[in-house]
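Here are the chains, one letter per residue:
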Amino acid sequence: MNGYQFFVDPSRCIGCKSCMQACAECDSHRGVSMIHVDFLDRANSIATAPTVCMHCETPTCAMVCPADAIKRGEDGIVRSALEPRCIACSNCVLACPFGVPTVHVELELMMKCDMCYDRTSIGLRPMCATVCPSQALTFGPADLIERQRAARPVRDFQFGHEHVRTKVWMMAPTDVRDITVDVADYMWKEQ
Amino acid sequence: MATPPLSVDRLAEVFGPHRNYEPPGGWGDAARRPDALVKTHCSFCGMQCGIQLKVRDNRVVGFEPWEAFPFNHGMLCPKGVKRYLQGAHPDRLLSCLQRTDAGFAKISYERALAETARRLTAIRDQYGPDAIAVYGGASMVTEKAYVLGKFARVALGTKHIDYNGRLCMVSAGTAYKLTFGVDRATNPWPDLATADVVLIAGSNTAECAPITTYHLWQCRERGGRLIVMDPRMTPITRNADLYLPVRPGTDLAVFLAMLHVIVGDGLVRDAFIRDRTTGFEAVRASVAEWTPARAAEISGVRPDDIVKAAHWIGETDRAMGLHARGIEHHSKGVENCLAMLNLFLATGNVGREGAGCMMITGQGNGQGGREHGQKCDQLPGMRDIRDPAARQYIASVWGVPEESLPGPGKSAVEIMEAIHRGEIKALLSMCFNPVVSLPDAAFTREALSKLEFFGIIDFFLCETAHHADIVFAGSLQEEDEGTVCSAEGRVQKINKAVDPPGDARSDALIICDLARALGRGQHFDYPGGTRDIYEELRLASRGGLADYYGITWDRIERELGVFWPCPTLDHPGTPRLFADGRFAHADGKAHMQVTEWRESGDPADATYPILLTTGRVVSHYLSGAQTRRIGPLVDQCPEPRLELHPALAATLGVADGDWLEVTTRRAALVIQAMVVRTIRPDTVFIPYHWPGQRSANRLTHRTLDPRSKIPEFKVSACRLEKVAPPLELSTWRREETGWGAPASGDQRSDLPRSDR
Numbered sequence: 578m579n580g581y582q583f584f585v586d587p588s589r590c591i592g593c594k595s596c597m598q599a600c601a602e603c604d605s606h607r608g609v610s611m612i613h614v615d616f617l618d619r620a621n622s623i624a625t626a627p628t629v630c631m632h633c634e635t636p637t638c639a640m641v642c643p644a645d646a647i648k649r650g651e652d653g654i655v656r657s658a659l660e661p662r663c664i665a666c667s668n669c670v671l672a673c674p675f676g677v678p679t680v681h682v683e684l685e686l687m688m689k690c691d692m693c694y695d696r697t698s699i700g701l702r703p704m705c706a707t708v709c710p711s712q713a714l715t716f717g718p719a720d721l722i723e724r725q726r727a728a729r730p731v732r733d734f735q736f737g738h739e740h741v742r743t744k745v746w747m748m749a750p751t752d753v754r755d756i757t758v759d760v761a762d763y764m765w766k767e768q
Numbered sequence: 120m121a122t123p124p125l126s127v128d129r130l131a132e133v134f135g136p137h138r139n140y141e142p143p144g145g146w147g148d149a150a151r152r153p154d155a156l157v158k159t160h161c162s163f164c165g166m167q168c169g170i171q172l173k174v175r176d177n178r179v180v181g182f183e184p185w186e187a188f189p190f191n192h193g194m195l196c197p198k199g200v201k202r203y204l205q206g207a208h209p210d211r212l213l214s215c216l217q218r219t220d221a222g223f224a225k226i227s228y229e230r231a232l233a234e235t236a237r238r239l240t241a242i243r244d245q246y247g248p249d250a251i252a253v254y255g256g257a258s259m260v261t262e263k264a265y266v267l268g269k270f271a272r273v274a275l276g277t278k279h280i281d282y283n284g285r286l287c288m289v290s291a292g293t294a295y296k297l298t299f300g301v302d303r304a305t306n307p308w309p310d311l312a313t314a315d316v317v318l319i320a321g322s323n324t325a326e327c328a329p330i331t332t333y334h335l336w337q338c339r340e341r342g343g344r345l346i347v348m349d350p351r352m353t354p355i356t357r358n359a360d361l362y363l364p365v366r367p368g369t370d371l372a373v374f375l376a377m378l379h380v381i382v383g384d385g386l387v388r389d390a391f392i393r394d395r396t397t398g399f400e401a402v403r404a405s406v407a408e409w410t411p412a413r414a415a416e417i418s419g420v421r422p423d424d425i426v427k428a429a430h431w432i433g434e435t436d437r438a439m440g441l442h443a444r445g446i447e448h449h450s451k452g453v454e455n456c457l458a459m460l461n462l463f464l465a466t467g468n469v470g471r472e473g474a475g476c477m478m479i480t481g482q483g484n485g486q487g488g489r490e491h492g493q494k495c496d497q498l499p500g501m502r503d504i505r506d507p508a509a510r511q512y513i514a515s516v517w518g519v520p521e522e523s524l525p526g527p528g529k530s531a532v533e534i535m536e537a538i539h540r541g542e543i544k545a546l547l548s549m550c551f552n553p554v555v556s557l558p559d560a561a562f563t564r565e566a567l568s569k570l571e572f573f574g575i576i577d578f579f580l581c582e583t584a585h586h587a588d589i590v591f592a593g594s595l596q597e598e599d600e601g602t603v604c605s606a607e608g609r610v611q612k613i614n615k616a617v618d619p620p621g622d623a624r625s626d627a628l629i630i631c632d633l634a635r636a637l638g639r640g641q642h643f644d645y646p647g648g649t650r651d652i653y654e655e656l657r658l659a660s661r662g663g664l665a666d667y668y669g670i671t672w673d674r675i676e677r678e679l680g681v682f683w684p685c686p687t688l689d690h691p692g693t694p695r696l697f698a699d700g701r702f703a704h705a706d707g708k709a710h711m712q713v714t715e716w717r718e719s720g721d722p723a724d725a726t727y728p729i730l731l732t733t734g735r736v737v738s739h740y741l742s743g744a745q746t747r748r749i750g751p752l753v754d755q756c757p758e759p760r761l762e763l764h765p766a767l768a769a770t771l772g773v774a775d776g777d778w779l780e781v782t783t784r785r786a787a788l789v790i791q792a793m794v795v796r797t798i799r800p801d802t803v804f805i806p807y808h809w810p811g812q813r814s815a816n817r818l819t820h821r822t823l824d825p826r827s828k829i830p831e832f833k834v835s836a837c838r839l840e841k842v843a844p845p846l847e848l849s850t851w852r853r854e855e856t857g858w859g860a861p862a863s864g865d866q867r868s869d870l871p872r873s874d875r
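For the protein sequence lines, the chains are W and S, in the order given.
Heads up, this note's numbering is the position in the first sequence plus 577, with the first residue counted as 1.
Heads up, this note's numbering is the position in the second sequence plus 119, with the first residue counted as 1.
Hints in this document: simulated from the structure, not taken from any laboratory.
The beta-carbon is built from N, C-alpha and C at its ideal position, and this holds for glycine as well.
One or more of the hints may lead you astray.
To be verified - Taking beta-carbon pairs under 8 Å as the criterion, some of the chain S residues facing chain W (in silico):
| no. | residue |
| --- | --- |
| 1 | Thr332 |
| 2 | Lys569 |
| 3 | Pro728 |
Stated by the list, open to error - Think about it this way: if two alpha-carbon atoms lie no more than 30 Å apart in a straight line, the pair counts; the simulated DSS-like pairs of lysine-lysine are:
| no. | chain 1 | residue 1 | chain 2 | residue 2 |
| --- | --- | --- | --- | --- |
| 4 | S | Lys278 | S | Lys569 |
| 5 | W | Lys766 | W | Lys648 |
| 6 | S | Lys841 | S | Lys225 |
| 7 | S | Lys158 | S | Lys615 |
| 8 | W | Lys766 | S | Lys278 |
| 9 | W | Lys766 | S | Lys427 |
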């Protein structure tokens, strides 16, 4: 998996939740999904977006953790909270700029996406990005993405005064267009 | 009379649907350390994605993506991910059942065979062979479809065999045979990525064939443009370059106007028309009056958008069409498809990479399941049952006199109508749940209750099986082996992962044993099992349109699928049809067909002013007999909801989450509203995967396309009224009311849950 990177392109998402269903099949958290898919505004649009952990270079979740339970590995992957240390205080949940961590109250533990390092370490791609039918979630070589995609990968985000750089890349449109989503706007006359 | 022996509530208590959430053995170690990974395919749509099933202790315990399979490269939709939860399911039928006054009683396989043979023989002796009908299904492997067709014609001698593919892509199949001479998508799926323009008409591609989205997005990445034509904005519309919000039932008007523009604006490829087609002059004349303005009045699509779409298709030599049930489920479904094909022929966009027109087959083996003999008008190899040469050849393969082969029989809905009229007295059904999937569900229930004998082969007691006299415990896809043909035309191998549990058997074996019990065993002797059936099928298909003769199981495994036609063992297969310049008609030409506009069979009026259309959601499959038992898929979409536009909602005083009564000329149902701006204001949508009170098909009508015999699911007239929420949601969720014994008078079924 050398040179493979994780890319998220929300514009490709079809909201099928295959990623969530597959995430729940992963060996390290069986039956529970660590990622989610949302309709952004179902009343007005069919647009959906997947959320996986972005694996920040300086993870806010780790910085605000009073128990020092959240570690970023040398591989750049920010792990779920360490079981003996986590006090389930939810500081990380509140602080994460992407809305990723979840505290599992019954386990008194914060768990989140760990980019399937159990799979990538044995040459398998992360479960969500492998199954994703639209490849809104993609795990592959950066040069392939550059060749095959029109959008531009970015990994620098600005939240107010806070700059965040992530391991995961977000595909951003090279030009922004107004998007109208009312069927009536496309129809012939007022019918 | 074949009415349910107990209240449906009580049957549901015993036989489900219950929701399975965990693999056998729970979330423990079993799935982490499987005994084997079996390479096979998903059971849940025409994409037939490659998948590996994890097996431990003869049970499927999970899945692993199969990245090497060239169609889907490991990609799967949620149904594929969770499909493994249908194995080792608590509702799984483990033995044969017989209906008694007290419920369904367990009986031995031998007794089920003997009883079924006795009843069918008696009915045949009394009323003749055509008093018996057979229903098949297009989710079964091709070998089962083949042997079922042979069983109907050779063992029972009835002409009435048809299948649930009649509810799927028969309009497309009829149109492709008329125009191209063969019923198959023209191009392999990766061609989509190489097109400049793709017209997607009447296909909720992202939810019904999710993997296709990948190819469409790749098309866009390299600058291709997508035109989406649908009354709803489905997920595929989020990246459409042109969206045509067609009124349900009016697709034909848009296609005719597009051809009008293509003709009028000089976009016809004259050399292609001259050298490779017939019938164009008549087609050209037929669109003369179809101005975009006229089509706009009918369809609600803007005239300038019709012009734009026509120009995009006409100005490139790399245009592709994709269509599905949205244009096919109509009383003019064949016309819709013919008119769409005409666009691609007129602009010379067929027979090359990035140029062609493809139906998206919906069912697991929608393509293979219709090629080899369970369709009422076809013999194996996609042969016409009326063709004397075809009859002679198949009779010789089967070792029966040609004159003993019945002619064409009734189609699926027509069979149900003949049952209702009392003409057909007995039904044997396999892999079909007509109570949920046929239109006008109350009529279907009434018809089934009139049967003198009803036998079913299935792995769950689906809603239709509530009416059965005898139920055989059949096999899941992963419990048997065989072949399927994907939407692309790729013949693939289904591998057996586990044995059928308990006293359940392979469906094909049950059919052959039943033939023996009927005294026709000499024609159903397959000592090598399904492989022997396939070998006979190869031979039976030889020389037909769907020629599998050169496709062996070994080749399929080695080459990861082979595209038909493949007439010889050294033939490479045919991923792209007509690439040699010849179409499949004897003259080598495509036969362009004139289409005529007509109204749908259930038109709107002052009493029923709104158009109802039905379809699927991503987490369910067809009648839901399987997916309504898979917990995580049910959670993703637990109940149907009615989609309506805020402008319509305002006239009704309805807000999101309110309850509505929907009334059509057949029936009324109560359903919760989902107010969204992603549907036409004159149209409402209900997904059809549920039975009983929640069944969209209570509302639909039985008008058929005169040629394909497909029902008009995609447009019914309705009216809407805001109502109070149901007092008891549990009552609303009941599988059915008004059938079976009253709940208070129930005796307990003699089958405790643990004893199934």
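Looking back at the numbered hints, which does the structure fail to meet, lowest number first? 2, 3, 5, 6 and 8
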